[in-house]
Every structure is written in C-alpha cells, then in structure tokens.
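Participant: Numbering (mature numbering (1 follows the signal peptide of the UniProt record, and there is no 0)), first residue to last: -22 to -1, 1 to 238.
A portion of the hints provided could be inaccurate.
Said to hold, decoys possible - The list that follows gives simulated cross-link-like pairs (lysine-lysine, PhoX-like), each with its CA atoms no further than 25 Å apart:
| id | residue 1 | residue 2 |
| --- | --- | --- |
| 1 | K58 | K193 |
| 2 | K121 | K193 |
| 3 | K52 | K101 |
| 4 | K193 | K118 |
| 5 | K36 | K52 |
| 6 | K101 | K36 |
| 7 | K157 | K48 |
| 8 | K76 | K36 |
| 9 | K101 | K58 |
| 10 | K35 | K157 |
| 11 | K101 | K67 |
| 12 | K96 | K76 |
| 13 | K76 | K118 |
| 14 | K96 | K121 |
| 15 | K35 | K67 |
| 16 | K67 | K36 |
| 17 | K77 | K48 |
| 18 | K77 | K157 |
| 19 | K101 | K48 |
| 20 | K101 | K77 |
| 21 | K48 | K58 |
| 22 | K118 | K96 |
| 23 | K76 | K35 |
| 24 | K118 | K52 |
| 25 | K48 | K118 |
| 26 | K233 | K58 |
| 27 | K121 | K157 |
| 28 | K157 | K36 |
| 29 | K77 | K118 |
| 30 | K67 | K233 |
| 31 | K121 | K101 |
| 32 | K193 | K76 |
| 33 | K118 | K157 |
| 34 | K157 | K52 |
| 35 | K76 | K58 |
| 36 | K77 | K52 |
What the hints assert, rightly or not - Cβ-Cβ distance ranges computed for the label pairs, FRET-style:
| id | residue 1 | residue 2 | range |
| --- | --- | --- | --- |
| 37 | I71 | T223 | 15 to 21 Å |
| 38 | K233 | G46 | 35 to 41 Å |
| 39 | K121 | K48 | 21 to 27 Å |
| 40 | F73 | E97 | 19 to 25 Å |
It is worth saying that the hints were derived from the structure and are not from the lab.
As the structure is a computational prediction, the values presented were derived from the model and not from experiment.
The C-beta atom is built at its ideal place from N, Cα and C for all residues, glycine as well.
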Amino acid sequence: MKQCILKVALACSILFACSSESEELEDPNSSTPLNTSSNKQRTGSSANDLLSATTFKKMIVEVGYIEGFKPTEKAMRNFKNFIQNTTFKTEGITFIEKKISATGNTVYTLDEVVVIEKENRTKYNTNSTIAIWVLFIDGKSSKDTDQGSILGAAYWNTSFVIYEETIQGLSGGVFEPEKNLLESSVIHHEFGHILGLTNLGTAVQSDHEDAAHPKHCDEENCLMFWAAETSQGIGSLFSEGEVPTLDAQCVADLKANGGR
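Whenever a hint applies, use it, and build me the whole structure from the sequences.
Facilitator: Pasting the structure below:
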C-alpha cells in the first residue's frame, strides 16, 4: 500500500448531542421568526431529510469562513458535486458565502465553534429548504495532540467545522496532498457523517460497520474508512491523486435511506 509521509491524524469528531434549545431569530425577508431548533439536533438525525426530496426539495449550504481561510473553489465545486451525486434535491442546491472577521483565537473548543455559528449563521430550515452550515476556521482544535491533529468535526445534524488553518499547514508541500484534495476529503467525510454514515442515522444494509472503529466503514478504500483518521492511512487515500469515494456498501446505505 502506497504511503505518503504526513505527520497528522486526519481526524473527525462526531458528537451525539441533541439540543433542547428553541431559539428564534428574526428573518429579514419574512415577518415569521426563524425557529433554529430543527438545525440543532443529533448528528445523523436528519439523514433522510438531506438525502430525499420527501420533505425538503431544495438545499442551501451556507459557507462561513474566517477571513484569510476561505476554501478553494475546486473544493467547493467538488462538494457541490458530492451533494448532487448522493442526494435528491429536485429544486436545486444553492451555495452562499459569509466572510467572518478573525476572532483572535489560535485554538478552538467545539463550544467556541458553536458560538461562532450562533453569531453568524443566517440560513435555517424552512418549509421546503434544508439548510447546512459549514465553517472554515483559523486556529486548531482544542483536541489536537502530539500524535495528530483534528481536521474536521460534525457536531449537529446540519453543522460541521473544518480546521482550515491545519489543512493549509499539511498540504501543498513535498510528500503532501494538494490542498483542494485534502479539503475535499475532509469535507466529504464530515458531510458523510451528517448523511448518517456509517450507521449513524442511515441504517447499514450489510455488515460493514467497523466494530473496532464504530461509525466508520470497514472497507479500506472507502471515504468513510477509519484510516482516514490516522497518519498510517492518509497516504493510501491520496495514492491515486484523487478524492476518495464512497464504496458500494455505503452507497447502498444512502440509497436505502432515500439517497442516490
């Protein structure tokens, strides 16, 4: 198996929190306040809503980024293609961007990430549109260790964070993947968890959840394989110079839950 010298643990963090908040925000385009509670549920709990067109026929993705840490255009195109290839949104998928001023932090807890979302997110679920929030942040995760760095975390049903500063420091150099490849891989992996993979709201159709690494696929070539979280496995993910894809078992899971 080809390996790439990269001293990092490509790690995701999945939180199983369920918020009881019932916060309302003023919608500048409507006289009806926005109820944000439906976007503050357990990771994976909105998998069917995201995958199918039964309830929501349109998706809006709000891309928040700290100034200076905007993701590459290619990674955003890859992300939109990934959504189109996995979900049914008959009225389309829209991306909007929001630049956020630097906070001055160099390390972020997930609680601090949530505060940034609360202060800056503007799009929430409406009658026919489901809303996603993704934040590209400066600084590092408070859960980083000497053994590895966390690159992304899915923490609510429609929210995840990408530690863009860490990604920038681990890509583009000798023996390192291109930045857009690393960005795309982390984005797709975290979004995969929001889609309920693996066995996180989207039921498995075959026995492929890794017992030793729960909520991950046991197929080593799959985007959702646990080795995407280790320095030992990261080289094999990019050995072909392409973003890793979902294997047939994960695709079957998504199809059974209303996806493509």
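Participant: Are the hints correct? Go through all of them and say.
Facilitator: Here is what the structure says about each hint:
| no. | hint | in the structure |
| --- | --- | --- |
| 1 | K58 with K193 | 24 Å, holds |
| 2 | K121 with K193 | 19 Å, holds |
| 3 | K52 with K101 | 23 Å, holds |
| 4 | K193 with K118 | 24 Å, holds |
| 5 | K36 with K52 | 22 Å, holds |
| 6 | K101 with K36 | 13 Å, holds |
| 7 | K157 with K48 | 12 Å, holds |
| 8 | K76 with K36 | 20 Å, holds |
| 9 | K101 with K58 | 17 Å, holds |
| 10 | K35 with K157 | 32 Å, violated |
| 11 | K101 with K67 | 17 Å, holds |
| 12 | K96 with K76 | 13 Å, holds |
| 13 | K76 with K118 | 20 Å, holds |
| 14 | K96 with K121 | 21 Å, holds |
| 15 | K35 with K67 | 5 Å, holds |
| 16 | K67 with K36 | 5 Å, holds |
| 17 | K77 with K48 | 8 Å, holds |
| 18 | K77 with K157 | 20 Å, holds |
| 19 | K101 with K48 | 19 Å, holds |
| 20 | K101 with K77 | 14 Å, holds |
| 21 | K48 with K58 | 16 Å, holds |
| 22 | K118 with K96 | 19 Å, holds |
| 23 | K76 with K35 | 23 Å, holds |
| 24 | K118 with K52 | 23 Å, holds |
| 25 | K48 with K118 | 15 Å, holds |
| 26 | K233 with K58 | 18 Å, holds |
| 27 | K121 with K157 | 22 Å, holds |
| 28 | K157 with K36 | 29 Å, violated |
| 29 | K77 with K118 | 19 Å, holds |
| 30 | K67 with K233 | 14 Å, holds |
| 31 | K121 with K101 | 28 Å, violated |
| 32 | K193 with K76 | 31 Å, violated |
| 33 | K118 with K157 | 17 Å, holds |
| 34 | K157 with K52 | 10 Å, holds |
| 35 | K76 with K58 | 17 Å, holds |
| 36 | K77 with K52 | 18 Å, holds |
| 37 | I71 with T223: 15 to 21 Å | 19 Å, holds |
| 38 | K233 with G46: 35 to 41 Å | 40 Å, holds |
| 39 | K121 with K48: 21 to 27 Å | 24 Å, holds |
| 40 | F73 with E97: 19 to 25 Å | 21 Å, holds |
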